[in-house]
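Novice: Just so you know, the protein sequences line up as chains Z and U, in that order. All the letters of the first sequence, read from the start, carry residue numbers 50 to 448 under our numbering. All the letters of the second sequence, read from the start, carry residue numbers 50 to 448 under our numbering.
Misleading hints may appear alongside valid ones.
Label-pair ranges, simulated between beta-carbon atoms [stated by the list, open to error]:
id, chain 1, residue 1, chain 2, residue 2, range
1, U, D178, Z, P245, 38 to 46 Å
2, Z, D176, U, R336, 31 to 39 Å
3, U, P237, Z, P237, 19 to 27 Å
4, U, R301, Z, P237, 52 to 60 Å
5, U, D247, Z, H401, 39 to 47 Å
6, U, V388, Z, G389, 49 to 57 Å
Away from chain Z, derived, C-beta distances all over 12 Å, residues of chain U [unchecked claim]:
id, residue
7, T203
8, R354
9, H366
10, T411
For the record, the hints were derived by calculation from the structure and aren't laboratory data. For every residue, glycine included, the Cβ atom is placed at its ideal position computed from N, Cα and C.
2 protein chains.
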Amino acid sequence: MRLDDTDDGFGHAHLPWGSCLLPGADAPALCTRVGDRVVDVAGAARAGLVPAWLAGPSVDVLLARRAADWGSARVAVHQLVVGDVPDRLVHDLADVVELLPFTVADYVDFYASEAHATNVGRLFRPDDDPLPAHWKHLPMGYHGRSGTVVVSSTDVVRPHGIRGADDVGPSERLDVELELGWVVGGPPTRLGRPVPIDAVEDHVLGVLLLDDWSARDLQAFEYRPLGPFLGKSFATSVAAWVTPMEALQDARVAPPAQRDPVPPDHLQGVADFGLDLDLELALSTPRMRAQGLHPHVVSRANAGRGLYWTIAQQLAHLTSNGATLRPGDLGGTGTISEVGEASAGSLLELSHDGSVPLELPTGERRTFLEDGDEAVLRGRSTDGSVTLAPVVGRVAPRA
Amino acid sequence: MRLDDTDDGFGHAHLPWGSCLLPGADAPALCTRVGDRVVDVAGAARAGLVPAWLAGPSVDVLLARRAADWGSARVAVHQLVVGDVPDRLVHDLADVVELLPFTVADYVDFYASEAHATNVGRLFRPDDDPLPAHWKHLPMGYHGRSGTVVVSSTDVVRPHGIRGADDVGPSERLDVELELGWVVGGPPTRLGRPVPIDAVEDHVLGVLLLDDWSARDLQAFEYRPLGPFLGKSFATSVAAWVTPMEALQDARVAPPAQRDPVPPDHLQGVADFGLDLDLELALSTPRMRAQGLHPHVVSRANAGRGLYWTIAQQLAHLTSNGATLRPGDLGGTGTISEVGEASAGSLLELSHDGSVPLELPTGERRTFLEDGDEAVLRGRSTDGSVTLAPVVGRVAPRA
């Protein structure tokens with residue numbers, strides 16, 4: 050079968066990695082996709098069409114290898130998909146079950162967008178400077194719960210918890226956070242040996258969209274001084290497909306200028322880069338879906354412009370104290386916002402802390418999410434050549 | 050071989066679980082110990098002396114099973130060690146390599162000691178109330194880095210990092226935190242389904258001492274508003290042996306009274322308990338070791354009296370928002386301190402934020418740890434029947 054190149058951002062130059070349960074199969078398979086067709090890479094490996102070590106259930110087999118192998122695997126899969134692919138290795142996307150693409154080791158979420166940090170600071174700490182004094186000295190981050198990272202299309206059960214003194218119940222301020230995730234592979238590093246910033250391509254296989262669901266009421270009550278905990282730990286959704294860093298070569302842009310202050314040496318890379326990716330957040334409600342309406346875009350932001358701290362800086366910071374990396378470590382950039390209206394990656398910001406509802410095409414209004422609402426994250430390179438796989442999550446009430 | 054009962058707290062009534070590389074073996078084995086003898090439980094399983102499913106490399110095989118199986122395994126291993134144990138299954142503790150006893154899934158650290166939280170609040174936030182206003186409304190916690198949890202006796206490499214604006218270098222305020230860890234087993238729970246507080250014994254296999262190493266200078270600069278990150282993520286040491294909850298039946302005591310405020314319903318257990326364990330922190334320096342001096346005890350605290358929030362409350366809180374548990378999840382109680390001098394679980398507290406050095410038997414003085422210093426955590430039930438395996442960690446300079 051010939052898999053023609055496509056112009057939907059999933060063409061021959063993209064080749065994202067995923068894990069799918071294929072029709073009739075009883076175990077997951079490492080796959081790639083071209084347009085809306087899924088190619089069984091694990092099956093191709095067993096058939097001797099691509100390297101044998103790709104015969105695995107998920108992206109874990111790539112993450113366990115060195116970066117040089119990611120490149121050779123990509124070349125081999127490219128040769129496969131531009132040729133005549135055996136029919137039995139090709140499936141319609143609609144016929145497969147997309148699974149979590151890799152086993153998450155540690156999950157760290159950063160706070161790397163200046164507009165977002167400023168917006169949140171203004172709302173959560175109105176009496177202080179909106180941007181914490183040390184924010185430009187280091188890429189701030191915290192560890193999240195890796196056990197509750199779920200793949201796109203998994204329902205998100207509304208969290209319950211302590212919303213205030215003597216106030217327990219379902220979160221009434223359930224929010225999304227539009228982020229880029231980055232996926233660590235390669236041999237584990239050694240304790241006490243930081244990863245240099247310019248080694249990022251040896252350690253990051255690729256990126257994917259990430260929705261860091263947040264219960265703002267639980268978060269506001271609990272977060273001082275230990276940071277976000279139950280306000281975030283109930284679910285983090287990631288896309289089903291990891292976009293290789295190699296597929297984003299043309300999307301690289303200069304990182305933001307960092308002059309006041311200049312970051313410390315270990316956060317200055319000679320070849321550091323931002324990613325020129327246009328991202329958007331869309332919402333749909335049950336009524337919208339009943340009327341056949343598509344999700345309504347409520348916000349757009351560009352990752353290159355929105356992120357002050359780059360992925361390489363986040364990685365270098367994470368290991369600068371001597372902490373190790375393991376294959377499967379997942380980083381999140383933090384919510385990506387730009388300055389201006391309708392360009393923030395969370396409802397907290399878009400609704401001005403719940404005070405200005407968003408208008409939807411049905412006439413419905415939303416500050417935070419109601420049961421049945423669906424949030425959709427999308428992204429693509431500004432030249433249109435690469436589309437990031439979406440993240441979709443629907444809010445379900447607790448059973 | 051007969052393994053006589055011992056009075057060192059590792060007798061027939063304790064039977065902790067661990068993972069060891071035994072002499073001549075090329076793979077780790079699940080083990081228990083009696084006194085200073087290690088018993089090869091995995092080998093006993095292969096020989097048909099205990100259930101076959103115990104033939105594994107680590108405590109992971111227990112964590113994968115339901116709590117009822119933990120009990121039957123304990124009964125079987127007890128029968129083995131009180132009988133005539135085949136010589137080839139018994140090794141001297143000094144001849145084995147103790148490994149990390151289980152694979153850590155998510156690691157969450159709490160902040161459950163009122164005296165500790167009060168002491169730290171006074172030092173870190175002198176202008177506020179020492180205890181955050183919400184501290185008695187919920188057991189505060191945060192996620193730590195599971196990839197840097199190491200077994201006792203692993204050297205701890207001094208972390209480097211950003212100690213302040215334009216101030217990068219090795220931490221000069223390297224500290225320990227004396228904690229109890231609790232180890233989760235049993236089938237994974239379901240998203241959106243909290244674990245009831247009274248189900249703690251279905252989900253917690255046992256406890257072990259835990260040293261949550263902390264770089265106070267990195268922590269102080271970074272921690273607002275996202276909580277501890279690089280100040281903690283460089284290493285967390287745990288003991289090599291997990292003490293089963295069943296071995297601590299006689300150490301149970303009534304939990305602290307919680308009346309102002311009364312906690313929400315889901316944090317009130319009808320059979321909740323504290324653990325009457327006497328803990329201590331000891332230090333040794335290279336000079337002390339050269340003079341043949343034992344580690345010097347600088348602090349003593351009791352877990353039952355020191356912890357306001359119980360392990361069951363920590364577990365229930367962790368899942369109350371709908372977050373899942375997986376086998377291998379590790380909880381830490383947070384530093385255990387009591388009110389009074391020489392009864393705090395960190396040097397930050399003991400040295401009054403570095404202003405009052407501790408005196409050691411050599412005449413040396415310490416506020417925080419110097420390279421070559423060794424911290425030792427020890428614990429035992431107050432009746433002396435059960436000794437917790439120690440945590441030892443020596444500070445090494447970065448290579």
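Novice: None of the hints should be skipped; say for each whether it holds.
Specialist: Okay, the hints, checked on the actual structure:
1. D178(U) to P245(Z): 38 to 46 Å: holds, 43 Å
2. D176(Z) to R336(U): 31 to 39 Å: With Cβ atoms ~50 Å apart, the hint is violated.
3. P237(U) to P237(Z): 19 to 27 Å: About 24 Å separates the Cβ atoms of P237(U) and P237(Z), which means 19 to 27 Å holds.
4. R301(U) to P237(Z): 52 to 60 Å: Violated, at about 39 Å.
5. D247(U) to H401(Z): 39 to 47 Å: At roughly 43 Å between Cβ atoms, H401(Z) and D247(U) fall inside 39 to 47 Å, so the hint holds.
6. V388(U) to G389(Z): 49 to 57 Å: Distance hint for V388(U), G389(Z) holds at roughly 52 Å.
7. T203: violated, 8 Å
8. R354: The claim holds: R354(U) sits with its nearest Cβ about 23 Å from chain Z, beyond 12 Å.
9. H366: violated, 7 Å
10. T411: Check passes; 28 Å lies beyond 12 Å.
The structure fails hints 2, 4, 7 and 9 (numbered hints given earlier, in ascending order).
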